[in-house]
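Student: Residues per chain, in single letters:
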Amino acid sequence: MSAVIENHDHEHHGPQKGILRWLFTTNHKDIGTLYLWFSFIMFLTGGAMAMGIRAELFEPGLQLMDPIRYNQLVTMHGLIMIFGAVMPAFVGLANWLIPMQIGAPDMALPRMNNLSFWLLPSAFIILLSTAFMEGGLPGFGWTFYAPLSTNYPNIAYFVFAIHVMGISSIMGSINVIVTIMNMRAPGMTLMQMPLFVWSWLITAYLLIAVMPVLAGAVTMLLMDAYFGTSFFDAAGGGDPVLFQHVFWFFGHPEVYIMILPAFGITSHIISTFSRKPLFGQSSMVYAMVSIAVLSFVVWAHHMFTVGMPLAAELFFMWATMIIAIPTGVKVFNWVATIFKGSITYETPMLFAIAFVVLFTIGGLSGLMLAITPADFQYHDTYFVVAHFHYVLVPGAIFSIMAAVYYWLPKWTGNMYDEKMGKLHFWLSFVGVNVTFFPQHFVGLAGMPRRYADYALQFAEWNAVSSVGAFLFGLSQLLFLYIVIKTVFAGKKATAQVWDGAEGLEWTVDSPAPYHTFETPPKVNG
Amino acid sequence: MRYKLGLFLLLIASFYTSADWLDVNMPVGVTDISKEVFELHMAIFFVTVAIGVIVFGFMFYSMWRYRRSNNKKPAKFKENHKLEILWTVIPTLILVAMAVPASVTLKKIYDHEAEEGGMDIQVVGWQWKWQYKYLDEQVGNKPLSFFANLTTPPDQYEYNRVEKGENYLLEVDEEVVVPVNTPIRFLITSNDVIHSWYMSDFAVKQDAIPGFINVAKTTINEPGIYRGNCTELCGERHAYMPIVVRAVTKEEYDEWVLEKREAMEQLNFLTEKEWTADELYAQGEEIYKTRCAACHQVNGAGITGFYPALAGSDVVMNDKTGQIEILMEGIRGSQMQSFAEQLNEVDMAAVITFTRLAWNNDKQGDGTIVVPNDIVDYKKGDL
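The listed protein sequences correspond, in order, to chains A and B. If you count by the working numbering, then the first sequence holds residues 6 to 530, one letter each, in order. If you count by the working numbering, then the second sequence holds residues 987 to 1369, one letter each, in order.
Next comes chain B alone, as it looks inside the complex:
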């Protein structure tokens, strides 16, 4: 008996010592604003606790003291004007005392002006991924830009087939790398429906709305990896488009930009290379998993009524040009978006080739593949 009790207490203790049970409050964050917001939050929290303690304290005392067994004769009073004025005026004063510092902080948050030595990053919400454009870093004639897709494999979230990783649903293929101690303006918008870019550690939450650009300015004080989420219901995979920001020193940031540039230049070489069907299939399969399988499913069967099947689809089997056009332009009025910006020529050709060869499509259809130069030709208008 005593042994069992001990085990039980140990279990309780282990719950309470695990960090997750204690993860019950807002993070302080790593920006000046986030610290100020945290202080506001704690101040208003303690005010509400104090109000609660006083009101409920008096209420519970009265409930106990004036129970019928203790007080047979109820009083008859119905009003007391002095008291009523008092409990209108005092709350008003408390509210003003809270609203004033909140207004001051809000004004600071609304300082959206560009600053000397600062940078602008455009954030575009897509179903269901984020695109980042570094407006101050040019590669060729375009800004440095990439998409950040969830990398948690479906085996981890669907039916828990494998054990979940440490950063389950909070990991992406491309982190947003930014320098610390630099005023960054995130210019937030959307390509399709409304999303919301939420980074708790910066106290930033701004809706990404098609046709609007919302500004969130932040200066990160400490290097580190910060993770956030989409917080506006944007459809099926709303929970699967996380944000990962890696804040580094200025030097590391410059190095990262250099690497990014080189990688983009490498791409030209890859486009020219002679690709075999097997190489394209292998690369395409990986891309299919992160970019396409969410809707069209891993087995290419789609979801009836929402997402068409690719397995056995006439376009995928027999109409090479038609398929390239759909991927490049999207289908207006449907959830099929344009992948022209999201995939480079190689990845685009690879994923199309994959769908044309997988699920027996090659046996039932014409079995032709698409090579990167086809995409280049399409872009030139030669296909």
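Chain A with its partners taken away, still in its complex shape:
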């Protein structure tokens, strides 16, 4: 397309040199890179914490840390992985890809884009600074249920950090929505938009809807802890269950915030490597919209054991089960895309296939969890831990890895090392299953989650799980090595990169020039 040629005129507009480039950049590609590296650092940090947790759980007894430290690790692992690793990785991908996929020159609000990134490291510095204070890091779980959290030391830092993260997310979402609504290439209708763009449009609306709710929850917590209110303090006439309702009204859509962009990514990759158009593009969009809408009416399935009335339990059970329908449609569409394709299995495809299989396993255990009477057994055991790690690790995180391998040649201009990529995939695949599959077993047998120490009957499978966790964790160093190596060297990539790839981003050079689509491309319906 014509866009390729025009970029040569603008090379003198290249980036500033040195650190200032990254501090002051308003370029969507630079900001995308910043987000992705930040996310990678947080992923390794949160992963190191997970390995600390698994090391402690390798055998019964307290070997490496006291339960206070253990609870702090569990809490920080959750917060860092959700707010520091998965969400920023998706925002980084959005920054890199949305303008290129819709034929826009940049994000609509570039200065706000810079601010929303730089708020994020600030928030984590505030949160992690409590490690050096008396009382230490928060240790009340990432769900920070009141009244456990209200009596914790240093909670003001936690609250402030969450506020800053929330502001960052909301600004990022506004930027995504404004960009998608206003800056699509002429001729690109909403229904023609690539699915990654669609998934992010829906995600951005979810974020704008629920981040203020989270802000409300932490503010009420702050008031309870420091200003003498009793929102959640029964002794003052408050209601501890209210906290959970408010929190999960944020929390459940948040779960889908972490999976919808993965749906978009997977759709692109499966279609590319099957060399066949995605099956049911519009039903994919409708399915995502339904999942997003339903996510607002299922929150209390996280609270089946708080003693809600029967009518509420029934409503939330049925509503939760309904989500399986659009989710099933998506899985069937991916399978139908593979069917009669001409398939090759490069690293991104391997991760995408593993995503479909393992995410579906996580979805099926989710269906089991929706059955309220059975949930009285599953709730807050390792069965739940296995479930949400299946949808988040080989779910969200595999999709992010798939995306990195898929678009890395476009970003860097170099092909990654395919053999190394495949090795990374297989190590991760084996590691993740050895880690999380046995957790179904100990969960069903009754091992509660967030336990620093456990009864002897769970010892064997916990040891297996810990071995898997170390395999998975250490394999990610290989990922780091592959990415760094690709940034600096490798076989030169073509503009198209993958012979089955379709979309505007594959029409520009590899690496993508600093400015792309300054004159919008024409898209034919």
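Bear in mind the hints are in silico, worked out from the structure with no lab data behind them. All values reported here derive from a predicted model rather than from experimental measurement. Positions of the beta carbon are idealized from the N, C-alpha and C atoms, including for glycine. Please note that a few of the clues may not be correct.
Computed footprint of chain A on chain B; a stretch qualifies when at least three of its residues, placed anywhere within it, have a C-beta under 8 angstroms from a C-beta of chain A [said to hold, decoys possible]:
#1 1040 to 1052
#2 1068 to 1079
#3 1090 to 1099
#4 1187 to 1197
#5 1218 to 1226
Please arrange chain B on chain A, whose structure you already have, making use of the hints.
Tutor: Here is chain B on its own, set in the frame of chain A:
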């Protein structure tokens, strides 16, 4: 070589024959509801397995059959409305077929009405122990009540100094004794943060929430000892507040109640007795280990930023009345709870005496001891 292989196979076999490796499913349990829940669980499990086998089977077949080396020309189709309607409708039917029996079971679980011949036990979660009040068994003018504390010694869990016992972390000083074939309503609440009372064998898990009373009704069919856990993160010692229920015949239960009553009456006698400092110290040391050491540590040093040290503390060394008040009333807004209900007069006096004499506190402070009658006086308002 062959010998090594044999040894290896033997090792594998021994893993698989050990019960713990096979402990991979939900217990069937010992109540009608738990059996029903187990059946629901197995039904939904097989449904999900069937879905998995069909979807993944077709997917793996397609992945193999349509690999590029086997299929150079991909098809071009993008949609098929009939198929799409079909795979929306069929899952919907499966879901309804699963949700209906689940709703029926749920309705049974939600039958919270008191029954003829049934009993009520109030369960109160504390950081980090459970309190049980038998509301139908009066002793004096109060219901029969006790606390259940973990009895696994710290030497077993801290750094594995000694070998772990069979019921590691699943043993307590006072079991909840209940009769079989009797509808029992557990009325569950909390004194501080949220806990959750989880008994897998009864398919009961109810959150213990301050300010709320949640009901879990159960009828145990078989006598036995059943063990459970707290399943809502409640702070540092979340993993150290197990539940032990001993279900016995009605006759054995009545006998147990009688013994409990007698033990409580004995206490009056003990309170009046003349106690020596050594006796109080010895008894106090035992109580300190199960009730206090979790926070204030065995050496009385506390944990900086969380739990204050008792060794060298001014209150513990020099302010006898102040210390009794803290133990009786707790400290509002901190994790120091009131022990007025948890310890009787003798135990309270013993543990206070222990802290005043241990860790050189007696040499640095006034070295006074507290006797059970001091606690009685405090309760009367005479101290």
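Student: Where does the structure disagree with the numbered hints, that is, which hint numbers, in rising order?
Tutor: Violated hints: none at all, because every hint is consistent with the structure.
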